[in-house]
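Visitor: Sequence:
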Amino acid sequence: MTVPGRRPQRLGEQIREEISALLVSGLKDPRIGFATITGVRLTADLRQAWVYVSVMGSAEEQRQSLQGFRAATSYIRRELAHRLHIRRIPELAFELDTSAEYGAHIEELLREAKRKNESPDED
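Take the sequence shown: its position 95, counting from 1, is numbered 370 in the working numbering, and each next residue is one higher.
Be careful, since some hints might not be right.
As the list claims (entries may be wrong) - Computed beta-carbon distance windows for the label pairs:
# : residue 1 : residue 2 : range
1 : Asn392    : Ala346    : 46 to 52 Å
2 : Glu292    : Ala334    : 25 to 31 Å
3 : Ala319    : Ala346    : 27 to 33 Å
Hints were generated in silico from the structure; no laboratory data involved.
Beta carbons: idealized from backbone N, C-alpha and C, even for Gly.
Given the sequences, and given the hints that come with them, work out the whole structure.
Guide: What follows is the structure, given as structure tokens:
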């Protein structure tokens, strides 16, 4: 269960920044394509973190990238332990963030509706 609070939000932001830095410098898995860490959600006890990843590419490329992140979970946790000064590093669960795709889809639907409203009606 997640609850809003300052500490989980602050730690989530730190984890997001550190994993993003690892993407640039440390993760060498060829399966991980052009990816961005869009957010981290933590449980109230800070033991579990859901890391949301946005990946550019086809559904297959997204699936491959997600597999790469999941395979690198222990390495990422170990690196977080070196970089963050907290007693316990949360268990990480990587999930695809499809909000950008959904937003683009909604935007396209709105553009289409606008075009239909602006075009003259043919009787």
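Visitor: Taking the hints in turn, state whether each one holds.
Guide: Evaluation of the provided hints:
Here the CB-CB span from asparagine 392 to alanine 346 is close to 49 Å, well matched to the stated 46 to 52 Å. Between glutamate 292 and alanine 334 the CB atoms are about 28 Å apart, so this pair conforms to the stated range of 25 to 31 Å. Here the CB-CB span from alanine 319 to alanine 346 is close to 28 Å, well matched to the stated 27 to 33 Å.
Hint check: no violations occur; every hint is consistent with the structure.
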